Amino acid sequence: MSEATAIVRTRVPARRLQRAEKILHKLGLTPSEAVNMLLAQIELRKGLPFEVTAQVGPVLSPEDQATAWTEALGAY
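If you count by our numbering, then the sequence shown holds residues 7 to 82, one letter each, in order.
Source of the hints: derived by calculation from the structure; they are not laboratory data.
Treat the numbers as computed from the prediction; the structure is a model and nothing was measured.
The beta-carbon is built from N, C-alpha and C at its ideal position, and this holds for glycine as well.
Some hints here could point you the wrong way.
[Claimed, not checked] What follows is a list of derived Cβ distance ranges for each label pair:
1) Leu23 to Phe56: 11 to 21 Å
2) Leu30 to Leu66: 23 to 33 Å
3) Lys52 to Arg25: 26 to 36 Å
4) Ser8 to Thr73: 45 to 55 Å
5) Pro19 to Asp70: 27 to 37 Å
6) Thr73 to Ala12: 44 to 54 Å
7) Val65 to Glu9: 37 to 47 Å
8) Leu50 to Leu30: 12 to 22 Å
Throw the hints in and build the complete structure from the sequences for me.
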């Protein structure tokens, strides 16, 4: 027997949705499937699957970012 479904409505900027839909299409997902995946992760983790903070991180120059990536991940 399949589980009952519910409809979720939300307002997002139209351009954001369009950009996200292009990316999701490349991944073979619909926005509905992506939201369902997000909700499943919230359920599993008992929280958001990413950090939410008001603290602003450092802004690095492209050169400093490249150095940080190389130090963290090794040369490629």
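> Does the structure break any of the earlier hints, and which numbers would those be?
Replying inline: none
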